[in-house]
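Required output: the full structure, derived from the provided sequences and hints.
There are 2 protein chains.
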Amino acid sequence: MNENCLIEVIKNITKSRYIGDDCAYLPDLGITVTQDSLVEGVHFNLDWTTPYELGVKAIRVNISDILASGAEPAYALVSLSMPSKFNDNFVEEFYKGLNDGGSNLGGLPSVEIVGGDLTGGDRVFISICMLGKVNGRNISSRSNAKSGYKIVVCGKHGSSAAGLKLLEKGQKAPEKLIQAHISPHLFPEFALSVSKNITEPYAMMDTSDGLGDALFKIARASNVTLNIDFDKIPYDEEIKCFKDWEQLVLFGGEDYGLVAALPESYIPDDAVIIGEVCPKERVPLIIKKSDKIVKYSSVEEFTFNHFS
Amino acid sequence: MNENCLIEVIKNITKSRYIGDDCAYLPDLGITVTQDSLVEGVHFNLDWTTPYELGVKAIRVNISDILASGAEPAYALVSLSMPSKFNDNFVEEFYKGLNDGGSNLGGLPSVEIVGGDLTGGDRVFISICMLGKVNGRNISSRSNAKSGYKIVVCGKHGSSAAGLKLLEKGQKAPEKLIQAHISPHLFPEFALSVSKNITEPYAMMDTSDGLGDALFKIARASNVTLNIDFDKIPYDEEIKCFKDWEQLVLFGGEDYGLVAALPESYIPDDAVIIGEVCPKERVPLIIKKSDKIVKYSSVEEFTFNHFS
Chain A
4 MNENCLIEVI KNITKSRYIG DDCAYLPDLG ITVTQDSLVE GVHFNLDWTT
54 PYELGVKAIR VNISDILASG AEPAYALVSL SMPSKFNDNF VEEFYKGLND
104 GGSNLGGLPS VEIVGGDLTG GDRVFISICM LGKVNGRNIS SRSNAKSGYK
154 IVVCGKHGSS AAGLKLLEKG QKAPEKLIQA HISPHLFPEF ALSVSKNITE
204 PYAMMDTSDG LGDALFKIAR ASNVTLNIDF DKIPYDEEIK CFKDWEQLVL
254 FGGEDYGLVA ALPESYIPDD AVIIGEVCPK ERVPLIIKKS DKIVKYSSVE
304 EFTFNHFS
Chain B
4 MNENCLIEVI KNITKSRYIG DDCAYLPDLG ITVTQDSLVE GVHFNLDWTT
54 PYELGVKAIR VNISDILASG AEPAYALVSL SMPSKFNDNF VEEFYKGLND
104 GGSNLGGLPS VEIVGGDLTG GDRVFISICM LGKVNGRNIS SRSNAKSGYK
154 IVVCGKHGSS AAGLKLLEKG QKAPEKLIQA HISPHLFPEF ALSVSKNITE
204 PYAMMDTSDG LGDALFKIAR ASNVTLNIDF DKIPYDEEIK CFKDWEQLVL
254 FGGEDYGLVA ALPESYIPDD AVIIGEVCPK ERVPLIIKKS DKIVKYSSVE
304 EFTFNHFS
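Line by line, the protein sequences are chains A and B.
Okay, so the first sequence: first residue is 4 according to the working numbering, each after it adds one.
Okay, so the second sequence: first residue is 4 according to the working numbering, each after it adds one.
Think of the hints as simulated: they come from the structure by calculation, not from any bench.
These numbers were taken from a predicted model, which means no experiment stands behind them.
All the pointers check out, no bait thrown in.
Simulated restraints on C-beta separations: (1) A:H188 <-> B:N15: 26 to 32 Å; (2) B:N7 <-> A:Q174: 40 to 46 Å; (3) B:N15 <-> A:V297: 50 to 56 Å; (4) A:P282 <-> B:I10: 53 to 59 Å.
Note that the Cβ used here is the ideal one computed from N, Cα and C, for glycine as well.
Below, the structure is given as structure tokens:
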């Protein structure tokens, strides 16, 4: 059973009208809210990540989802479970990372940590819940892409997954790719310039599970087909040292870039147009590279599955 | 370094004005919010807890904190990490437990599960964030106890810790104590009758870390001394099969009863008065049992510490 099937089980039991996007939009409270976990040995390795870097990344993972929703990241609750042998230095460095990772958000106030808990455990486990304020902005949904919209992205794609591969092989260069994995960039200006100005429904997601996965989810939820031009997707040139670099650009996770489906008139200045939304065809995602066209009826074989 | 010291480290780094109570009160959003984790091997054991029971308990742990804040439990986000060998039946039963555990809240609507995430991991790890609506109620704080207030409780104390001891010894009776551990009761009517009517500042906490721990925290935060009459504290008679039953009543955790410091005129009908708030003496907590008086300058040696 894979993650997507398990989420269907959960939807059926909870009958929740909120589950579907990475953030839940709660109009009665004027917020969007998300929760993401990082598990030692699954999402990070303390051999190559310092507690400070872990804190930075843990909070950015959640800020990224709030930004993609169109809201303004505001409050965080942090659950930290760790072995009792860890000392207060771990906690101190981790929290300094959370603080710094939640600052400098394109003119927005820093994220405030308002609660959470500390527990013992064999492994480090982090779960952060984040609340974003709507503040009159237009909230996105992956089901809002419409035929005729453009597909735009920000950030470089595949670098984080490439950096992880280097770390796993014990390599320390190219440094740029490693840093993309350890300390991902956020794109608050992009997100907020979209959600502040747009008056029409739109889709926006972060690329935490890979660009291809986000594109596929938008296409499926919106009942459309996305036509993408691979050669337009921004990536770091250094990634070409990998044989499978094209797969990394398309399906590598943890970049925390943004991808959006927008009417052309609302595209931010710094966005890169990589394709367009078309009426539904037989497959949800079509990617053209030079003269080769690949049609994806599923992307599961290329994406990370916790329960394969 | 113990938990309380680590929390001081966190307060110093985050400079958060919200950390101090089990729930953070966010007036701008009209909510209180809390997050609590349950770690396999630390908080529960799958040998004696079914996935359904785990779901019930996991959500009640958080509802209990929201009730103690005085707010109405409304929304939950659930992070579940589990080994990939677990099947969809585990997820299904766990979520059924969450649903049922979040229902029948003294006339309030059921808690809605609006998000969360699913990840792999060696062990089951659960972290739930819960949002409670203020809805015009008066929100509690552990620093609000004032000299002259009465200390009141609801629920039976020590039963859950006694039940855990039985389970650890492989015993199956008394069933009442075991059930108190597996499937704790909540007290929404008590909590909501307080927060709906009271116009003065008051303190209310759940007894998740033990009654004595909650009393001590209220006394310290409010800068007062609490005088408690042990013989007034409600407990199940079955607990007397334990030699150290008095310690279990005072310091046993996970009962999820409530303890409050209230002006006399606001005490709910079903509350039991166990003591009163007095001007600060040398020690924060004084407990009288028959003709014996114990003065507590600390309760650390009696309470659970994740990082001892």
